[in-house]
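Participant: Quick mapping for you: the protein sequence lines, in order, are chains A and B. Under our numbering, the first residue of the first sequence carries the number 1, and numbering increases by one thereafter. Under our numbering, the first residue of the second sequence carries the number 1001, and numbering increases by one thereafter.
Worth flagging that the hints you see were computed from the coordinates, not collected in a lab. One thing to keep in mind: the hints can contain errors.
[What the hints assert, rightly or not] Covered, in the sense of this in silico footprint (three residues per stretch, anywhere, with C-beta under 8 Å from a C-beta of chain A), are these stretches of chain B:
{"id": "1", "region": "1149-1156"}
{"id": "2", "region": "1178-1189"}
{"id": "3", "region": "1216-1224"}
{"id": "4", "region": "1387-1395"}
{"id": "5", "region": "1399-1406"}
{"id": "6", "region": "1429-1441"}
[Unchecked claim] If we take Cβ atoms under 8 Å as the criterion, some of the chain A residues that face chain B in the derived model are:
{"id": "7", "residue": "Val10"}
{"id": "8", "residue": "Phe21"}
{"id": "9", "residue": "Pro36"}
{"id": "10", "residue": "Leu46"}
{"id": "11", "residue": "Leu49"}
{"id": "12", "residue": "Phe73"}
{"id": "13", "residue": "Gln74"}
{"id": "14", "residue": "His93"}
{"id": "15", "residue": "Ile95"}
{"id": "16", "residue": "Ser101"}
{"id": "17", "residue": "Val103"}
{"id": "18", "residue": "Phe104"}
{"id": "19", "residue": "Leu109"}
{"id": "20", "residue": "Leu112"}
{"id": "21", "residue": "Val114"}
{"id": "22", "residue": "Pro118"}
[Unchecked claim] With a straight-line cut-off of 25 Å between C-alpha atoms, the simulated BS3-like cross-links for lysine-lysine are:
{"id": "23", "chain 1": "B", "residue 1": "Lys1165", "chain 2": "A", "residue 2": "Lys5"}
{"id": "24", "chain 1": "B", "residue 1": "Lys1165", "chain 2": "A", "residue 2": "Lys115"}
{"id": "25", "chain 1": "A", "residue 1": "Lys59", "chain 2": "A", "residue 2": "Lys2"}
{"id": "26", "chain 1": "B", "residue 1": "Lys1494", "chain 2": "B", "residue 2": "Lys1290"}
{"id": "27", "chain 1": "B", "residue 1": "Lys1498", "chain 2": "A", "residue 2": "Lys2"}
{"id": "28", "chain 1": "A", "residue 1": "Lys2", "chain 2": "A", "residue 2": "Lys60"}
{"id": "29", "chain 1": "B", "residue 1": "Lys1235", "chain 2": "A", "residue 2": "Lys2"}
Glycine is no exception: its CB is placed at the ideal position from the N, C-alpha and C atoms.
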Amino acid sequence: MKMVKTDIGVVAVFYAICAFFYVQTQKLSAESQTYPTFIIAILFGLTTLYLLQMVFRAKKYGTVNSNGEFKDFQPLQFFGCLALTILYLLGVHFIGFYVSSAVFMVATLLFLKVKPIPVAISTVAVLLLVYVAFTRFLQVRLPAGLLF
Amino acid sequence: MLETLSVMGQGFISALSPINLLMMIGGTALGIMIGCLPGLSAAMGVALMLPLTFTMSADTGLIVLGAIYCGAIFGGSISAILIHTPGTPASAATAIEGYQMTLNGQAGKALFTACYSSFWGGLLSCISLYFFAPLLAQLTLKFQSAEYFWLSIFGLTIIAGVSSKSIVKGLMSGALGLLLSTIGLDPVSGTKRFMLSSYFAEGINTTCALIGLFSMSQVFILAEAKIKERAKAAKVTDKMSLTREERRLIRPTILRSWIIGNLIGILPGAGASIACFLGYNTSRQFSKHKEQYGHGSIEGVAGSEAANNAVTGGSLIPTLTLGIPGESVTAVLMGGLIIQGLSPGPQLFNAQNAPMTYTFFAGFVLVQFFMLGIGLLGCRGFAQISRLSDAILIPVVTVLCFVGSYAIHKNIMDIIVMLSFGIIGYLMRRFDLNTAAVVLALILGPIGEKGLRNALRISQGDPRILFSSAVSWVLIVLCILGILSPILMNRLEKKAEKDAKENVPADSEIE
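Isolated chain B, as found in the complex:
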C-alpha cells in the first residue's frame, strides 16, 4: 500500500516536469481547438497527433494524447453554446441549454458552467481511474492463452455493435479487420500470408490505418458536402462567472453526472455522447427549477458537461487494464500505448511500468486544471476558431495526415496505405460499416490469434481447451452480452435524446 502511494507520489513529481507541463498545455489547447471545430472529432484529433508522440517517452506521449482527448470533449461545448453546433457528439445535449443561455445574453455564464463542470467531471473521474484500474488489472493475471483469445473477441463484439446502426454490419466490420490483421508473416511458422510485397511483412501499419480510417476519411466526408458558412459566434457580453448560489445549485448535479459519466465510461461500448444526454436528463429529473429547462438552465449545461468529461477517466479503465477500449478515442489511445511497446493489463502496474502509468494518471489529473485555465481564458478565441471553414480544414488535415503517416517509418508506402484506408473508411462510413471495429480488430487480432494458436498447441489441437476454465466461460457470456448490449444502448440513447428534446422550444433545434 505504502509502496503504491509512493509510486503515485512519484508519478506527480514526474508529471510536473517542465516538458510534461508544456505538453499538457499544448495538448489541452490543441484538443479544445479540435473539439470546437464541428468538422473534427476527438478520435480524429488523437489519431492525427499519434505520430508526434513516437519520439517522446511513453508517459509524455500518453499525457499528450490524454490532454487532447479531455480538451476535445470539453471543446465541443464552446461551439455548442456559441454557434448552436456541437463540436463533438458529446456536447449535443449542452447545445440545448447552452445556446438558450446565449440567446438570453448569458453566454459567459454558460461557458463558465461548461468549463467548471467539465473540470469537476474530469477530475472526479480520475479517482475511479486510480482506484479501479490496478484492481481490474490484477484480475487479468488469471488469464491464459484461451482467455486472451476470448478477451479479444469480447473487445470486438463490444465495439462492433455500438457505433453501427446494424449489429451484424458492425460484426462484419470487426471480422474484416481480423482478416486484414492476418496480412503479414505468420507469427508461429513465419509463412508469408497475403503479402503483396515485403512491405507488409510486419502486417498493416496500425497507425497508418488509424489515421486513414479516422482522419483521412473525415476529409472525404467534408469534401463531399456543400461547403457552408458557419454561423457567427455570439459575442460574450456578460461576465464569465457563477455566483455562490449558482455554484451551490449545480454541485449535486455535477456529483450525479460524475457517477453517471464514470459508469458509462467504464462500461465498454458506451461513450460520452450517451453520457451527456443521461447527465442532462438526470439533472432535470432532480432539479427544483424544471421550468428553466429548454429556456437556458445552468443545471442542464452542468449535467451534460460533467457527465461527458467524467467518461474520460472511466473509459481509460477497461482500455488500460483489459485492453478493451469502449469507444473510438480510447481505441486510438490504446494504439498509442501499443506503439510505445506497452501492453494493457497487469504489466502496466508492475515495478518496471508503474512509474510510467502513474505519471500518466497524474498527468491526467493535471490536465483537468489546464483545461479549466485554458478553457476560461481562451473561450472567446476558441469560439472564433470554431467558425473555420471546412474548405480550409480539408487541405490542412490532408497535409497533416500525409506528414503524420510518413513520419512513422519515413516510407512513402505508409502514405499510400493511409490514403487507401482513408478511401476504405469513407466508403465504410457511408454504408454504415464500423471503422472503429476495423481498427480494434487490427490491434486485437494478433493478440487473439496468438492466444488461440497457443491454446490449441498446448491441447494438441483439441478445441475444448477454449471452454475449459471458468474465466473463459465468463468471457463467453460477456461476448454474448456484448452482442446484445447495443440493442439496450440504442434504446437508452434514443430514450435519453427523446426526453431531452421534449423540453426544447421548437425554434432551437440543433443545426
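Bound conformation, chain A alone:
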C-alpha cells in the first residue's frame, strides 16, 4: 500500500489544529486546561502515528500522488454550486427565506441544466413542502430578511 501524497496535507492540517488549540489552551485557567490538553495530546499522538505509517509506506512501497479522491471532479459545477449556496445564505439573511429559496432553486437547477418544467415543479414542490412542514405544522418563523 503506497503512501498517498495528499495525506501530507491531512497531517499538516491536524498538526495545525493541535497547535491552534494548544495556544488557546494556554489562555485558560489551570483547572480548565487539563482535559483539552489531554485530548490535544491524544490527537497529536495519533497524527504522529499516522505520519510514521506514511513514512513507513513511502520507504517500503513508494508514493502515489493521490488516491483518486478527485478523479471525476467537475470544478466549474462544484464551485458554481458552492458559490450559489453561499449567495443563498446571504440571500436568506437579507431578502428572506422564501424569496431567496425560490431564486436559489431556479438558479441552481438552470445552472445544472435541468429543463424548465422540472425546474418549476421542483421549486414549487419544495417551497410548498417547507411551508406546510415548517411554517404551518412546526410554526417556525423563517427569516423575512433585513431588506423587507
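The hints should help you fit chain B onto chain A, whose structure is shown.
Facilitator: Coordinates of chain B only, in the frame set by chain A:
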C-alpha cells in the same frame, strides 16, 4: 414482570394513537423514498428530518426517525432490483440476484420477496429489542464516573475504526470530534473555552453538525461529479406475489438471516452493509438450488433483505442501553434522543420514561407492517422516484438543510455552522476521514469529560481511580478490542463480498 408486560401493552395502545400512526405512515414512505434514491443515505435522511421532530413528543419523534430508518434500509432494494443501483450500501447484495430476476421478467416477484423478507427480518429483530434492551440497560446501573469515561472512549473506538479505510485516521477523526466538543463553557468551572463568540457558549450545536456532516456534505459530493442520467426503471410485468412453495422455500433463509442481521446489529461497529452480504452468502451455503444463484434466486434476495432489516432492531440495543451507536444512522438517532432531553441507559426503562420507550418499541413493530403495506402498494411509484436526477437533489437537499438547521434555534448562525460542517464533512469524506466518528465524539465528548473530571475530583486527582474497578477493566479490554475489531470486520466484509461476487455473471456488475 407483570408490570413490564403492562407497560409494554400500554406502549402499543399509545403507539396506535392517530398522530403516531400518521407519523409512521409518513416516516416509512419518506424513508423508502430516501432509500431508493441512490444519492441519499439512511443516515442523511434521518439527519435531515431530525429538526422536524423537535416539537413532537419524544415517543412520536423517535417513531418518525425509526420509521425513516427502517423504510430507507428497505427502500434501497427497489432501485437495486429495478435499476441495478443499490439505493443504500445495505442493498448491494440484493442487486446481485434482484436485478437478475428483473432481467428474467420476475421484477414483481423480486420486489415482493424483498418486501416480505424485509418485513420478517425487521419484525423478528424487534423480539431481541424487547428482550435484550432492558437487560443490558440494567447492567449500566453499576457504572460510576470512571466507567462512563471508559464507555464513551469505547463508543468512539468502535465507530472510529469501522467506517474508515485507516483505523488511525478513524481515531484521528474521533479525537478531532472530542476536541471540538470542548468548545463552549467549561462544564465544571464555567470558564470560556475556545469560544469565538457567545453563540458557542453551549458548545457546537450537535444537530447542525449532524446535518452538515451527513446531509450537506452529500450535496457537495453530488455536486462534484458529472451528473448522469439514471437507467430507466424496468417495468414490473409479472404479479407481485410468491407461491406457497416459494414462501416455504425462503422461510429458513429468513430465519437464518434474522439471526445474522440481529447479531451484526447488536455488535457495535458492524452495520447493514456487512449483514446483507453475510445473509446472502449464508443463504447460498444452505440452499438446495445453488445453481440459481447469479441467475436470479429468490433465496438470495430473501437472505440479503431479511439480514439488512434485522440489523435495525439489533442496532438499537447498544444505542439505547449503553449509548454506543454501532453505525452512522443510530448515531444520528441517538442525537435525536439526546435532543429530546433523554439519555441512553437504565433511565429509559424507569417508571418515568418506560412508557415512552415502550411506545417507541411498539411503534417500531408497527412500522414493519406499514413498510410491508406501503412497500407492496407503492413499489412501482417509488421506482420512478429512484430515477430522480442528482441535479434536482442538489438544490432540494440544500434548501432542506438550511431550513432544518435554522428551525432549531431560529438563528442564522446555525445555518453558518451547518454549512461549515458541510464543507468540513465533504473534505473529510474525500480524504478518508470519518464523519460519523466526529458526530459521535460531539455527543459522547461531554459525557466522557464529565465522567473523567468527576472521577478525578473524587480521587483528588489520582488517575488510578480510572483503573480501580472490574467494570472499568472490562471496558478497557473492550476499547482495545474495539480498535482491533475493524481489521476483523474488514476481512469479514471483503470475504463476504468476494464470495458473493464469485457467483455473479460477468455482465451484471453493480453500476
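Participant: What hints, given by number in increasing order, does this structure fail?
Facilitator: Hint check: 1, 15, 17, 24, 29 fail, others pass.
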